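J.: What follows is each chain in one-letter form.
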Amino acid sequence: MKNRNIYLLLLPGVIFLTIFMVIPILLTIGSTFINEGSFSFDGYLHYFQDKYFIGILLTTLKVSLITTFICILLGFPVAYYISKVGTRTKVLLLLLSIFPLLTSSVVRSFSWMIIIGKNGVLNKLLLNIGLINEPLNILYTPTAIIIGLVHLFLPLIIITLVGVMENMDEDLLKAAESLGASRLGVFAKVVLPLSMPGLVIGSILVFVGSFTAYTTPALLGGKQRVISTFLYQNATTLNDWHTAAIVATIMIVVTLLVTITMNQIAYKINPKG
Amino acid sequence: MALFTLENISVAYNKQNILQDFNLEIEEGKFISLLGPSGCGKTTTLRLIAGFLESNNGKFLYKGKDYTKVPVNKRNFGFVFQNYALFPHLTIFDNVAFGLRLRKASKSEIEKKVASVLEIVNLSGFEKRYPKELSGGQRQRVAIARALVIEPDLLLFDEPLSNLDANLRENMRIEIRRIQQELGITTVYVSHDQEECFAISDQVAIMNKGIIEQLSDPATIYNYPKTKFVADFIGFKNFIDFEDQKIHENEIELTKSGFTFIVQKNKANTSTDGKTGAIRPDNIVIRPLKESVTAGKNELPGKVKIRTYLGRSYQFIVETPIGDFTINQELLVPYQVGEEVILEFPANNMVLVK
Ligand SMILES: Nc1ncnc2c1ncn2[C@@H]1O[C@H](COP(=O)(O)OP(=O)(O)OP(=O)(O)O)[C@@H](O)[C@H]1O
Ligand SMILES: [Mg+2]
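Chains as they are written, first to last, in full-length UniProt numbering: chain W, 1 to 273; chain Y, 1 to 354.
For the record, the hints were derived by calculation from the structure and aren't laboratory data.
Every value quoted in this text rests on a predicted model; they were computed, and no experiment measured them.
For glycine and all other residues, C-beta sits at the position ideal for the given N, C-alpha and C.
A couple of the hints might just be wrong.
The following label-pair restraints were derived from C-beta to C-beta distances [as the list claims (entries may be wrong)]:
no., chain 1, residue 1, chain 2, residue 2, range
1, Y, Asn266, W, Ser182, 18 to 26 Å
2, Y, Arg103, W, Ile114, 54 to 62 Å
3, W, Phe69, Y, Glu54, 32 to 40 Å
Capping the alpha-carbon separation at 30 Å, the derived lysine-lysine pairs in BS3-like fashion look like this [said to hold, decoys possible]:
no., chain 1, residue 1, chain 2, residue 2
4, Y, Lys112, W, Lys268
5, W, Lys189, Y, Lys15
6, W, Lys90, Y, Lys15
7, W, Lys174, W, Lys84
8, W, Lys84, Y, Lys132
9, Y, Lys107, W, Lys268
10, Y, Lys30, W, Lys189
11, Y, Lys65, W, Lys84
12, Y, Lys112, W, Lys189
13, W, Lys174, Y, Lys256
14, W, Lys189, Y, Lys104
15, Y, Lys209, W, Lys174
16, W, Lys174, Y, Lys104
17, W, Lys84, Y, Lys69
18, W, Lys84, Y, Lys15
19, Y, Lys256, W, Lys84
20, Y, Lys113, W, Lys189
21, Y, Lys74, W, Lys189
22, W, Lys268, Y, Lys128
23, Y, Lys63, W, Lys174
24, W, Lys174, Y, Lys107
25, Y, Lys209, Y, Lys246
26, Y, Lys15, W, Lys174
27, Y, Lys74, W, Lys174
28, Y, Lys69, W, Lys189
29, Y, Lys128, W, Lys189
30, W, Lys174, Y, Lys112
31, W, Lys174, Y, Lys132
32, Y, Lys74, W, Lys84
33, W, Lys174, Y, Lys305
34, W, Lys223, Y, Lys128
35, W, Lys174, Y, Lys297
36, W, Lys268, Y, Lys113
37, Y, Lys65, W, Lys174
38, W, Lys189, Y, Lys256
39, Y, Lys132, W, Lys268
40, W, Lys268, Y, Lys104
All chains, full assembly: derive it from the sequences and hints.
T.: Structure, rendered in structure tokens:
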């Protein structure tokens with residue numbers, strides 16, 4: 001009796017999600033299989049033969065994976081440091097590190113334009129100190145998108161990693177050390193595996209965020225399309241909603257696949273995570 | 001020769017000295033306990049020996065070599081933590097094999113050693129389980145096995161049994177002692193359970209506020225405490241601060257407010273510097289006051305103030321001209337509150353402490 005009442009608490013949320021998310025998604029996915037009134041895979045076949053589309057899909061995947069990887073590399077030491085300092089410093093550092101999330105993507109992207117543009121701060125600096133002879137072409141390339149996305153999503157990794165590292169028993173690290181592990185050994189054999197749950201969640205958030213990001217790639221990518229700008233172009237500029245729905249479905253599937261793969265890898269490293 | 005020596009060690013947290021001019025020597029193969037009230041610096045001492053903490057000055061010598069700056073992972077000391085600190089992501093086998101893998105032992109060697117150490121702690125067959133799937137006592141034994149398997153030069157325990165229930169605690173301490181003696185590993189053991197320390201150790205160090213008050217074998221500490229703190233800590237609840245003393249051939253005569261006490265000379269009561277008499281509640285004899293009798297030597301008149309039933313015995317708090325005394329006695333017919341009594345302090349049960 002009691003248990004059943006508890007499930008009732010879920011009802012408002014479930015109804016809301018069903019009406020505004022599950023049904024629209026199912027309708028979108030369903031619509032992609034209908035071509036001129038009958039069931040077919042034509043839409044998908046068409047897209048997987050289209051070199052232009054495949055190129056965009058691969059670029060987006062590449063950009064998102066590299067972004068995730070860089071975020072992990074940069075986020076780990078920062079999170080480790082933050083998890084070790086005193087409470088007051090910790091709050092301050094966490095606030096500082098989530099600052100990018102609190103600013104508008106548009107503002108953030110424009111700042112990056114000023115920094116990495118052809119006549120931007122970075123090029124001027126490098127030219128002046130003589131490291132390069134020609135200005136670097138960073139803006140409007142995948143690299144620019146990666147820079148913008150790392151800036152945006154690094155906080156997600158940091159926050160999730162600080163979460164797990166804070167709860168890591170200090171004595172476990174000491175135990176490893178007393179058994180003969182060097183600093184690096186302690187990290188590889190204890191800290192890393194025990195951070196896996198946070199790392200997986202953080203990585204998935206970063207990956208999904210990067211894969212579906214719109215503003216940052218639209219502003220920093222120039223002519224370089226990613227999958228969400230491509231979708232937007234089809235839906236609004238070309239008014240081709242059928243194509244947009246297919247692209248959206250492909251996005252959902254890719255996201256799910258990558259998420260599952262990341263989970264599998266994490267399970268291999270830490271089966272008890 | 002001492003296996004290791006702490007010389008004038010000081011440790012401070014936030015500029016507050018926890019250990020100061022701390023000295024300790026431990027002989028090879030011995031089991032030594034650090035015993036003391038909460039916050040007295042036992043864990044700090046142990047962590048310093050392990051290398052988790054650095055001392056501000058002083059030296060840590062191991063077999064005559066200066067170990068003060070040797071990092072934890074080069075010391076080859078086994079540490080058993082209070083909360084076990086087993087790696088939750090590894091199986092029991094991998095937990096125990098952790099130190100061997102770091103020492104680049106071969107696969108067959110690892111398997112052999114893990115199997116034999118798990119045998120010692122009675123956990124054969126548990127290799128594939130994870131720490132979560134074990135009981136507290138089993139985890140404890142895994143923690144011991146993990147520390148033992150690297151054949152440590154020194155074994156350090158920080159209250160390893162405090163999370164276990166009383167029965168298991170007793171079994172485990174017998175087990176720990178058996179393993180230690182079988183392998184002859186020098187061991188430092190921290191606890192604030194007095195009985196546990198006495199039962200398990202060759203030597204007990206009683207600590208107070210960062211210093212060792214007394215270091216002796218358990219029986220000596222139990223019977224002949226040197227300081228008031230030690231006496232109080234091991235249950236000498238009653239103290240008399242004497243005013244004057246005369247040393248005779250076999251005994252010492254002391255006075256307090258006109259009452260005279262004779263204390264026998266023995267192992268502890270030889271020096272003249274101890275002027276406080278200490279006696280356990282069990283050792284004071286309580287007698288009814290008869291009209292004709294007045295208090296003689298080693299006796300005090302008094303009045304029962306509080307009576308508590310302890311099950312096996314009664315506890316009386318008796319008010320006397322020189323203060324209150326606590327007495328435990330097994331009696332069929334107990335004294336009433338307010339009853340006049342005589343307290344007798346047997347000459348061979350009073351100890352003089354500093
Ligand atoms: N990390 C720390 N920072 C500041 N003070 C500390 C720290 N660790 C311990 N102390 C202080 O040092 C003193 C000794 O602590 P320690 O842990 O050695 O006590 P202990 O004898 O092991 O006590 P217990 O029986 O409660 O475990 C205590 O007063 C404690 O408050
Ligand atoms: Mg302690």
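J.: Each hint needs a verdict: does it hold in this structure or not?
T.: Structure-based check of all given hints:
no., hint, verdict
1, Asn266(Y) <-> Ser182(W): 18 to 26 Å, "violated (54 Å)"
2, Arg103(Y) <-> Ile114(W): 54 to 62 Å, "holds (55 Å)"
3, Phe69(W) <-> Glu54(Y): 32 to 40 Å, "holds (37 Å)"
4, Lys112(Y) <-> Lys268(W), "holds (26 Å)"
5, Lys189(W) <-> Lys15(Y), "violated (34 Å)"
6, Lys90(W) <-> Lys15(Y), "holds (23 Å)"
7, Lys174(W) <-> Lys84(W), "holds (14 Å)"
8, Lys84(W) <-> Lys132(Y), "holds (26 Å)"
9, Lys107(Y) <-> Lys268(W), "holds (21 Å)"
10, Lys30(Y) <-> Lys189(W), "violated (33 Å)"
11, Lys65(Y) <-> Lys84(W), "violated (33 Å)"
12, Lys112(Y) <-> Lys189(W), "holds (22 Å)"
13, Lys174(W) <-> Lys256(Y), "violated (54 Å)"
14, Lys189(W) <-> Lys104(Y), "holds (15 Å)"
15, Lys209(Y) <-> Lys174(W), "holds (25 Å)"
16, Lys174(W) <-> Lys104(Y), "holds (20 Å)"
17, Lys84(W) <-> Lys69(Y), "holds (23 Å)"
18, Lys84(W) <-> Lys15(Y), "holds (20 Å)"
19, Lys256(Y) <-> Lys84(W), "violated (58 Å)"
20, Lys113(Y) <-> Lys189(W), "holds (21 Å)"
21, Lys74(Y) <-> Lys189(W), "holds (17 Å)"
22, Lys268(W) <-> Lys128(Y), "holds (16 Å)"
23, Lys63(Y) <-> Lys174(W), "holds (24 Å)"
24, Lys174(W) <-> Lys107(Y), "holds (25 Å)"
25, Lys209(Y) <-> Lys246(Y), "violated (33 Å)"
26, Lys15(Y) <-> Lys174(W), "holds (23 Å)"
27, Lys74(Y) <-> Lys174(W), "holds (13 Å)"
28, Lys69(Y) <-> Lys189(W), "holds (25 Å)"
29, Lys128(Y) <-> Lys189(W), "holds (18 Å)"
30, Lys174(W) <-> Lys112(Y), "holds (26 Å)"
31, Lys174(W) <-> Lys132(Y), "holds (20 Å)"
32, Lys74(Y) <-> Lys84(W), "holds (24 Å)"
33, Lys174(W) <-> Lys305(Y), "violated (53 Å)"
34, Lys223(W) <-> Lys128(Y), "violated (56 Å)"
35, Lys174(W) <-> Lys297(Y), "violated (59 Å)"
36, Lys268(W) <-> Lys113(Y), "holds (26 Å)"
37, Lys65(Y) <-> Lys174(W), "holds (23 Å)"
38, Lys189(W) <-> Lys256(Y), "violated (66 Å)"
39, Lys132(Y) <-> Lys268(W), "holds (19 Å)"
40, Lys268(W) <-> Lys104(Y), "holds (23 Å)"
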